[in-house]
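Residues per chain are reported as follows:
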Amino acid sequence: MTGAFESNVHSISAHDEHIQRNPGIDFNPDLFGRIRINRSAVERRAATIGTRRTVKKDYQAAWLLKALTCIDLTTLAGDDTPGKVRRLCQKAKRPVRKDILEDLGVADLGITTAAVCVYHNLIETAVNELEGTGIPVAAVSTGFPAGQIPLPLKLAQVSESVTAGAAEIDIVISRAMVLTGNWQGLYDEVKAYRNACGEAHLKTILATGELATLSNVAKASWVCMMAGADFIKTSTGKESVNATLPYSLVMVRAIRDYLDLTGFKIGYKPAGGISKSKEAINYLILMKEELGKQWLTPSLFRFGASSLLGDIERQLEHHVTGSYSAQYRHPVS
Amino acid sequence: MSVRDIFESMEYGPAPESPDQAAQWLQDRDNTLLHFIGGQWQGPDSGSFFETYNPATGEVLAKVADGNEADVNNAVAAAADALEGWVAIGGHGRARFLYAIARHLQKNSRLFSVLESMDNGKPIRESRDVDVPLVARHFYYHAGWAQVMHEQMPGYRPIGVVGQIIPWNFPLLMLAWKVAPALAMGNTVVLKPAEFTSSTAVLFADLCREIGLPRGVFNLVLGDHKAGEALANHQEIGKLAFTGSTEVGRILRKATAGTGKKLTLELGGKSPFIVFEDSDLDSVVEGVVDAIWFNQGQVCCAGSRMLVQESVADSLYEKIRNRMSKLVLGDSLDKGIDLGALVDQTQLERVSSLVELGVEEGAVKWQPSCEIPEAGCYYPPTLLTDVQPSATLAQEEIFGPVLISMTFRTPAEAVALANNSRYGLAASLWTENINLALDVAPQLKAGSVWVNCTNMFDAAAGFGGYRESGFGREGGKEGLYEYVKPFWESKLSKDPVQILPRFAPVEEVAGYETPEIDRTPKMYIGGRQVRPDGGYSQAVHDAKGRVIAEIPTGNRKDIRNAVEAARAASGWGGTTAHNRAQVIYYIAENLSARGDEFVHRISQLSGKDELAARAELDLCIKRIYTYAAMSDKYDSRVHSTPFRNVTLAMKEPLGVIGIVAPEEAGLLGFISTVMPAIAMGNRVVIVPSQHYALLATDFYQVLDTSDLPGGVVNIVTGDHGVLAEVLAKHYDIEGMWYWGSRKGSKMVEEEAAATMKRTWVNYGLYHDWEDDEQGQGKSFLRKAIEIKNIWIPYGE
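As given, the protein sequences belong to chains U and W, one line each in that order.
With the working numbering applied, the first sequence covers 8 to 340.
With the working numbering applied, the second sequence covers 38 to 833.
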């Protein structure tokens, strides 16, 4: 068990060769207290992300492959079983039909998804299934998705998941703390998660759809980064509104400002509702435009998605054959 | 590059839009663009053509008919022929045609976009996502106005044949802004596009032919300034609409002076982009991109003059520089570019030399190290900081991708710097504080004010300038009035309706009765009775020709003093409309209280019997009541623009209006011209009727007792010819109303060109001042205001 955990951490470190982990900084409300986000202006910018830039032909294929390698292939359902998760893990290892990769000339790149993301009970299955692949297992935690359980239980869950071999922990923040302005409380909580994570990477889910305003999204992003988050993530996928480009703009701009202040690079993970190739490309464009090419790697960018992969597979086949593809032609996860 | 390489490099790669169909369309007409006159393609009278280029590549696109006066004459004749039928089919008929135009534009939107980008050099993204959708929207919107003109514009009729001259920066969009309202209101059109960019106008003419628009309703004459001049000077056009440089606008103002042609001018700008410290700076940066790197900065309302609160200037500059590094220059048909080529080599040279001048004058230049295509007229996005208000670039329009910037300390200083310009087209202001936003927006001298946004356009909102950015509005209901005239205007008389008494001066034989105490009428300036600067007076006669008093002979210094007093009384425009109404009612009350005295004076000066004199007084009081009533009822509007925002079409006073009152109309003429002006919050300098000057000097005592703040109404008596010219030439007057001779009217319109005063003159015709249509009403109020559209997006 411990061996599996270590191999996972090792593989992440390989991804992260140049990226120093964010240790967090002291809580300082002056850094975010006066943030005001103008929603209309953010929406206008978001609306032109996909119209100012575009990728065609080989560029599109390459970008879709990149998107694919940034996917946290996810299953988070009450009826998840070891069998289902094993199937998911195999798909993560071989996300695209070999003949397509060969036609694209990338068969030897070892293309896999970025990670597999599951509930705690399925960690062990996933870790075993992925052993030796370098693909980390991420676990959702802290009473995901609502987080309405006592803090000690949340911390215990994080520790248990790390012990079970999860290399990445996707925690949910307490939305109530945001909505009541208890930023110190939020900071303390996230910092405690970070400590509980140890070597495992901490992704903090803001549940943006439940934070009421974009200003709250920006502030919560700041507090999580201050408390030592490795990634900030939009959503659980269970809120009525999940990842959107406007939320993403606000969060990546916070990442940029945090970088300017501290020098630490924080990863970004939009999750929930991203199921089309075109949307995925828009997110990559957003990352490249707002943060730079460096963020176009799985160590700093992830999609939390389940059905996106299928759409990318179809697009890639179309790119190779010129014919529009069908879902049944690609192995399910 | 292989997929594998791209997977590493993550470059965007090229994304070309195909030029094939647009090229085919050009080829189908032998790459030759002709006039469209009376529904027919017509070659140039001169037989000569010039070439038009794709500025991104330098390739010749087509040869263009070089229009001249003969071509313009043909086009105007065709438009005149079509007029009767176009009016006769009525609003619904016209609505159907405009609707068909909108639909066809949408159906062929890509062809229009591609052709526009090839001809002008603007990125295909902009022509596709901004220009062409707005064009279609304009025709839809105005199809609606055609449909409801009958109910919504009662009392107004079409002007007739309209001449329109448009620029090269938004060729098709400016065509739409001009043509849609003109046709909707029942006019027929002769349009002259810019010589650099004729293609989409020809494509539009083709569309008109396809949908079966009646012949002669829309006519197109191609060419350069020769055709433009011929059109502007054509005697049979009833109106000229122009968008372009202030320099040419001034020429056109002078050329049309005294002709009675209606004129709208949409001219240059140096629009401020004001950033307060509490704004969302990352959003501000994108606002900057939209403000100055939209259409390569070749936008009359570009936010080209950034004013940043000192406390955030450094961090904002840093963010802007980072953003600039990501801008991409390239071929206009590449879907992944931010900036295309400038329209022409001459423009490129102009921008380069202005930037050099800016650096010489102390500005700090920053340009990103972006790739610049070798062929084509490209200029990199440029930031010039530390540009002081005294620098040339703080005043001069660059019309290129160059942002200049300076800092401010307080909101008051921001307003002062923003308004420190001859222009007044648009302004953008950024703050998350609604109190600040709504405090600053009305203080800015700009026709469009964008709060936390910039370059927002829609058919439902008026667009147009203050000051030397021109006058008139395009879009919204306010824009319709530029293409109609009130029926009553046609009823104005060639001869005076109110008749001055005829008399030969008689010499009074001195008697030995005790004389009445000598009264000295004075001028009224800044709320005080003032003796004339020159120390001269002139005699006033009664209706029988007897000298009954002497009034001061005002001169240019008296006008200067009066304008200064009016300028200082700016509080009047800021007070509530309710307060203004109260003061104006009070004027009526005090006039009524002294009714007998005024009846006597009217009678004495006009020779009217007491009954008739009392009738005039009663009409004056009624009219004062009307304007008191309208003070708070001729109010602003919220436009329905298709965004989540409030677009306030705010009516604002012009400022200071110089009025030369109708000589023949006595107290009624004085009241009828002064009251609408002050009701809307203006301050006036009025030169009253010379014959009836004593009524004006009597009247200031009424003003004195009515709580009217000093300086709101200033009365300078004296010779109309002399004083009208001083007023017309004064640079610190926003508006000038003149009732007098034809020649005087021409003089006023000519002199107004220097600062683009809003003028209202009578071309030597006479109102019937007793008639409620000709003597009062919304026509008067409309002349007393400027409409500012304030865009306020919302949503937390």
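Possibly wrong hints are sitting among the right ones.
Claimed, not checked - Cβ pair distances, simulated, as ranges:
(1) W:Asp315 / U:Thr328: 48 to 58 Å
(2) U:Ala219 / W:Asp741: 33 to 43 Å
(3) W:Tyr831 / U:Glu296: 22 to 32 Å
(4) U:Ala219 / W:Glu393: 27 to 37 Å
(5) U:Thr328 / W:Pro251: 45 to 55 Å
(6) W:His615 / U:Arg41: 51 to 61 Å
(7) W:Thr612 / U:Gly192: 30 to 40 Å
(8) W:Phe87 / U:Arg41: 30 to 40 Å
(9) W:Glu88 / U:Arg41: 18 to 28 Å
(10) U:Gly112 / W:Gln77: 24 to 34 Å
(11) U:Glu167 / W:Ser55: 11 to 21 Å
As the list claims (entries may be wrong) - Some chain U residues flagged as far from chain W (calculated, every beta-carbon gap over 12 Å):
(12) Asp37
(13) Arg46
(14) Arg104
(15) Leu111
(16) His127
(17) Trp190
(18) Gln301
Claimed, not checked - List time: in silico SDA-like cross-link candidates among lysine to any residue, alpha-carbon distance up to 25 Å:
(19) U:Lys285 / W:Lys363
(20) U:Lys105 / W:Glu45
(21) U:Lys285 / U:Lys300
(22) W:Lys688 / W:Ala649
(23) U:Lys63 / W:Ala412
(24) W:Lys766 / W:Asp808
(25) W:Lys363 / U:Val113
(26) U:Lys64 / W:Asn598
(27) W:Lys363 / U:Lys100
(28) W:Lys356 / U:Lys283
(29) U:Lys64 / W:Lys363
(30) W:Lys299 / W:Glu787
(31) W:Lys363 / U:Gly139
(32) W:Lys372 / U:Leu160
(33) U:Lys295 / W:Tyr49
(34) W:Lys363 / U:Thr55
(35) W:Lys372 / U:Glu286
These aren't lab readings, by the way, just hints derived from the structure by calculation.
Glycine residues also receive a C-beta, built at the ideal position from the N, C-alpha and C atoms.
Verification of the hints:
1. W:Asp315 / U:Thr328: 48 to 58 Å: Given about 55 Å between the Cβ atoms, the range holds.
2. U:Ala219 / W:Asp741: 33 to 43 Å: 58 Å, violated
3. W:Tyr831 / U:Glu296: 22 to 32 Å: 26 Å, holds
4. U:Ala219 / W:Glu393: 27 to 37 Å: Violated, at about 51 Å.
5. U:Thr328 / W:Pro251: 45 to 55 Å: 53 Å, holds
6. W:His615 / U:Arg41: 51 to 61 Å: 38 Å, violated
7. W:Thr612 / U:Gly192: 30 to 40 Å: 51 Å, violated
8. W:Phe87 / U:Arg41: 30 to 40 Å: Roughly 58 Å apart at Cβ, these two residues miss the hinted range, so it is violated.
9. W:Glu88 / U:Arg41: 18 to 28 Å: Given about 57 Å between the Cβ atoms, the range is violated.
10. U:Gly112 / W:Gln77: 24 to 34 Å: Hint violated: Cβ distance 58 Å, outside 24 to 34 Å.
11. U:Glu167 / W:Ser55: 11 to 21 Å: 58 Å, violated
12. Asp37: 14 Å, holds
13. Arg46: 5 Å, violated
14. Arg104: 15 Å, holds
15. Leu111: 5 Å, violated
16. His127: About 34 Å separates His127 of chain U from the closest Cβ of chain W, which puts it past 12 Å; holds.
17. Trp190: About 19 Å separates Trp190 of chain U from the closest Cβ of chain W, which puts it past 12 Å; holds.
18. Gln301: 10 Å, violated
19. U:Lys285 / W:Lys363: Since the Cα atoms of Lys285 of chain U and Lys363 of chain W sit roughly 21 Å apart, the hinted pair holds (cutoff 25 Å).
20. U:Lys105 / W:Glu45: 20 Å, holds
21. U:Lys285 / U:Lys300: 18 Å, holds
22. W:Lys688 / W:Ala649: 37 Å, violated
23. U:Lys63 / W:Ala412: 24 Å, holds
24. W:Lys766 / W:Asp808: 32 Å, violated
25. W:Lys363 / U:Val113: Between Lys363 of chain W and Val113 of chain U the Cα gap is close to 29 Å, so the pair fails against 25 Å, i.e. violated.
26. U:Lys64 / W:Asn598: 72 Å, violated
27. W:Lys363 / U:Lys100: Violated, because 35 Å separates the two Cα atoms, which is more than 25 Å.
28. W:Lys356 / U:Lys283: 32 Å, violated
29. U:Lys64 / W:Lys363: 22 Å, holds
30. W:Lys299 / W:Glu787: Holds: Lys299 of chain W and Glu787 of chain W sit about 14 Å apart, inside 25 Å.
31. W:Lys363 / U:Gly139: 40 Å, violated
32. W:Lys372 / U:Leu160: 52 Å, violated
33. U:Lys295 / W:Tyr49: At roughly 10 Å apart (the allowed maximum being 25 Å), Tyr49 of chain W and Lys295 of chain U satisfy the hint.
34. W:Lys363 / U:Thr55: Holds. Lys363 of chain W to Thr55 of chain U sits at ~14 Å (cutoff 25 Å).
35. W:Lys372 / U:Glu286: Since the Cα atoms of Lys372 of chain W and Glu286 of chain U sit roughly 17 Å apart, the hinted pair holds (cutoff 25 Å).
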